[in-house]
Amino acid sequence: MKLFTPIFNSIATVGKYFQLMGRVFARPERLHMYFKQYVNELVKLGVDSVGIVLLISFFIGAVICIQIKLNIESPWMPRMVVGYTTREILVLEFSSSIMCLILAGKVGSNIASEIGTMRVTQQIDALEIMGVNSASYLILPKIVALMTMIPLLVIFSVTAGVIGAYCTAWIGGIMSAEDLTYGIQYSFQEWFVWCSCIKSLFFAFIISSVSAYFGYTVEGGSIGVGKASTDAVVMSSVLILFSDLVLTQLLMG
Amino acid sequence: MIEIKSLYKSFENTDVLSNINFQFENSKTNLIIGQSGSGKTVLMKCIVGLLDPEKGEILYDGRDLITMKKKEKKELRREMGMIFQSAALFDSLSVLENVMFPLDMFSTKTYRERVKRAQFCLDRVNLLEAQGKYPAEISGGMQKRVAIARAIALNPKYLFCDEPNSGLDPKTSLVIDELIHGITTEYNITTIINTHDMNSVLGIGDSILFICDGKEEWVGTKDDVFTATNKKFNDFIFASDLLKKVKLEEIREQYER
Numbered sequence: 001m002k003l004f005t006p007i008f009n010s011i012a013t014v015g016k017y018f019q020l021m022g023r024v025f026a027r028p029e030r031l032h033m034y035f036k037q038y039v040n041e042l043v044k045l046g047v048d049s050v051g052i053v054l055l056i057s058f059f060i061g062a063v064i065c066i067q068i069k070l071n072i073e074s075p076w077m078p079r080m081v082v083g084y085t086t087r088e089i090l091v092l093e094f095s096s097s098i099m100c101l102i103l104a105g106k107v108g109s110n111i112a113s114e115i116g117t118m119r120v121t122q123q124i125d126a127l128e129i130m131g132v133n134s135a136s137y138l139i140l141p142k143i144v145a146l147m148t149m150i151p152l153l154v155i156f157s158v159t160a161g162v163i164g165a166y167c168t169a170w171i172g173g174i175m176s177a178e179d180l181t182y183g184i185q186y187s188f189q190e191w192f193v194w195c196s197c198i199k200s201l202f203f204a205f206i207i208s209s210v211s212a213y214f215g216y217t218v219e220g221g222s223i224g225v226g227k228a229s230t231d232a233v234v235m236s237s238v239l240i241l242f243s244d245l246v247l248t249q250l251l252m253g
Numbered sequence: 001m002i003e004i005k006s007l008y009k010s011f012e013n014t015d016v017l018s019n020i021n022f023q024f025e026n027s028k029t030n031l032i033i034g035q036s037g038s039g040k041t042v043l044m045k046c047i048v049g050l051l052d053p054e055k056g057e058i059l060y061d062g063r064d065l066i067t068m069k070k071k072e073k074k075e076l077r078r079e080m081g082m083i084f085q086s087a088a089l090f091d092s093l094s095v096l097e098n099v100m101f102p103l104d105m106f107s108t109k110t111y112r113e114r115v116k117r118a119q120f121c122l123d124r125v126n127l128l129e130a131q132g133k134y135p136a137e138i139s140g141g142m143q144k145r146v147a148i149a150r151a152i153a154l155n156p157k158y159l160f161c162d163e164p165n166s167g168l169d170p171k172t173s174l175v176i177d178e179l180i181h182g183i184t185t186e187y188n189i190t191t192i193i194n195t196h197d198m199n200s201v202l203g204i205g206d207s208i209l210f211i212c213d214g215k216e217e218w219v220g221t222k223d224d225v226f227t228a229t230n231k232k233f234n235d236f237i238f239a240s241d242l243l244k245k246v247k248l249e250e251i252r253e254q255y256e257r
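Listed in order, the protein sequences are those of chains A and B. Take 1 as the starting number for the first sequence in the numbering used here and just add one per residue. Take 1 as the starting number for the second sequence in the numbering used here and just add one per residue.
Since the hints were made in silico from the structure, they are not lab data. All figures in this text were calculated on a predicted structure; none of them were measured in a lab. Among these hints, one or two may not hold up.
[What the hints assert, rightly or not] Mimicking BS3-like on lysine-lysine, the simulated pairs with C-alpha atoms at most 27 Å apart in a straight line are:
1. B:109 - A:36
2. B:73 - A:16
3. B:222 - A:36
4. B:69 - B:45
5. B:71 - A:16
6. A:36 - B:45
7. B:55 - B:73
[Unchecked claim] One side of the interface only, derived from the structure: several residues of chain B facing chain A at Cβ under 7 Å:
8. 44
9. 48
10. 51
11. 66
12. 70
13. 71
14. 84
15. 86
16. 102
17. 104
18. 215
19. 219
Every residue gets a Cβ at the ideal spot worked out from N, C-alpha and C, and that includes glycine.
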């Protein structure tokens, strides 16, 4: 029987997660209070992440450009291949999936530890005593805010990556800007950008809701909060990778 | 009036509360006292509905909280104010915003009226000057006073305080006790306080329920404390030599009288 305990626990966790989501998507009590929270979360989860997204994307774009140039380009390959491959990697996988994995670390741990700390310091109990639906008030604005901001972050990421690639080409002098531009514009499909944005919306929901679940159900003190943050990041990352596989097949297969 | 009847609560087959019966009096300061781990906080959490008991009734003016519908429960909660052991102020909000929070959430008043009401509550706890500060910038005693102001913002019928004096020095504890007692009589609130602070017991205990190992052991008022004959209660109250001396003097005085 002990063998099945982890399976039963996992099923119970999934059940609790959906129960919590049921409470999260209940009708809000005071919309203006939720809107205030939503605006705060836009800044905290979205705007405050712009810097790290730009920085990472810039350098990854630059590195991808160098790697492709060094490892793939040959006299047999057309010169546009570096720009083309860099763009495809950025648009199709890096800026949506990998960037969301990075954001799962930054934003996910932030959400889990914030809500977890509110749980252990009885702030959530205080909300409940007042008659506020604490799950909805605390979690819904975070989910909506992250889902609002993430497509923008994806676009910023692609842009920063392309700029990074240009900087390498220009400063490093590894190839001409004309070749890179030609490659980046070559056979461009707008749908790929939409795919990236659609995937990121799912990932945003996963990051915010899963992290909020782990934070909301914290037990114990600071150790519990630390564990919740770690669990939130690990579980969000696993679910992002899994759903990436499914979504890529569904959208592009 | 809040009445609890035959209340039972257990965690993983361990009884934490068994057969608790008590009537909390209206417009009075009712104390639940007992050692740490005796079940005081669990009892209070059951009374406010944060925990569901296994058996029993919790009656708010005759309405049973346990069998109440979700909507009724929500409405009842708007008649409650609670001060938590850790004050439980919202870190991201200023002192004024913390007190305004229940008003923003449930009141139909205009913004100006809500600010005025919050400032009135802060003034009642002598903290108007700290309204712009954040919880992390004020002392523990001040945080408790802000929690009191927030709890009374919506004119509650019932006020619950879970160890309001924990972590405070004796002088600040007295201030908090007097404040809670004053508010209780001023606004006719039914107040229930969880405490193991002897100053509170002897100072503001209009009605006292002593629980030990989850069982109701003694019931009385602050005036009955020195004449109680319950051994467990006496062991708890007169744990210090100082209080034992006070008790002997009290008994001697009564005998001489």
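Hints, one by one, checked against the model:
Note on residue 109 (chain B) and residue 36 (chain A): the hinted pairing holds, with a Cα-Cα distance of about 18 Å set against a maximum of 27 Å. Among the hinted pairs, residue 73 (chain B) with residue 16 (chain A) is consistent with the structure: their alpha-carbon atoms are about 22 Å apart, no more than 27 Å. At roughly 47 Å between alpha-carbon atoms, residue 222 (chain B) and residue 36 (chain A) are farther apart than 27 Å, so this suggested pair is violated. Restraint check for residue 69 (chain B) and residue 45 (chain B): satisfied, since their Cα atoms lie roughly 18 Å apart, inside the 27 Å limit.
In summary, the hint linking residue 71 (chain B) to residue 16 (chain A) is supported, as the alpha carbons are separated by about 22 Å, within the 27 Å threshold. For the given pair, residue 36 (chain A) sits about 30 Å from residue 45 (chain B) by alpha-carbon distance, which is inconsistent with the 27 Å threshold. Only pairs whose Cα atoms come within 27 Å are accepted, and residue 55 (chain B) paired with residue 73 (chain B) is accepted, the gap being roughly 18 Å. With its C-beta approaching chain A no nearer than about 11 Å, residue 44 (chain B) sits outside the 7 Å limit, and its interface hint is violated.
Interface hint at residue 48 (chain B): satisfied, since its Cβ lies 6 Å from the closest Cβ of chain A, which is below the 7 Å cut-off. With a cut of 7 Å, the hint placing residue 51 (chain B) at the interface with chain A is violated, because the nearest CB-to-CB distance is about 10 Å. Taking 7 Å as the C-beta contact cut-off toward chain A, the hint placing residue 66 (chain B) at the interface is violated, the least distance being around 16 Å. The beta carbon of residue 70 (chain B) is not positioned within 7 Å of any beta carbon in chain A (closest approach about 10 Å), and the interface hint is therefore violated.
A least Cβ separation of about 10 Å between residue 71 (chain B) and chain A goes past the 7 Å threshold, and the interface hint is therefore violated. The closest approach between the C-beta of residue 84 (chain B) and any C-beta of chain A is roughly 4 Å, which is under the 7 Å cut-off, so the hint is satisfied. Interface hint status for residue 86 (chain B): upheld, as the beta-carbon distance to the closest one in chain A is roughly 5 Å, under 7 Å. The interface hint given for residue 102 (chain B) holds, since its Cβ lies 5 Å from the closest Cβ of chain A, which is under the 7 Å cut-off.
Annotation: residue 104 (chain B) was flagged as interfacial toward chain A, and the flag holds, the nearest CB pair being 6 Å apart, inside 7 Å. A distance limit of 7 Å between C-beta atoms decides the matter here; for residue 215 (chain B) the minimum to chain A is near 25 Å, and the interface restraint is violated. Evaluation of the residue 219 (chain B) hint against chain A yields a violated restraint, the C-beta minimum of about 26 Å exceeding 7 Å.
Checked against the numbered hints above, the structure violates hints 3, 6, 8, 10, 11, 12, 13, 18 and 19; every other hint is satisfied.
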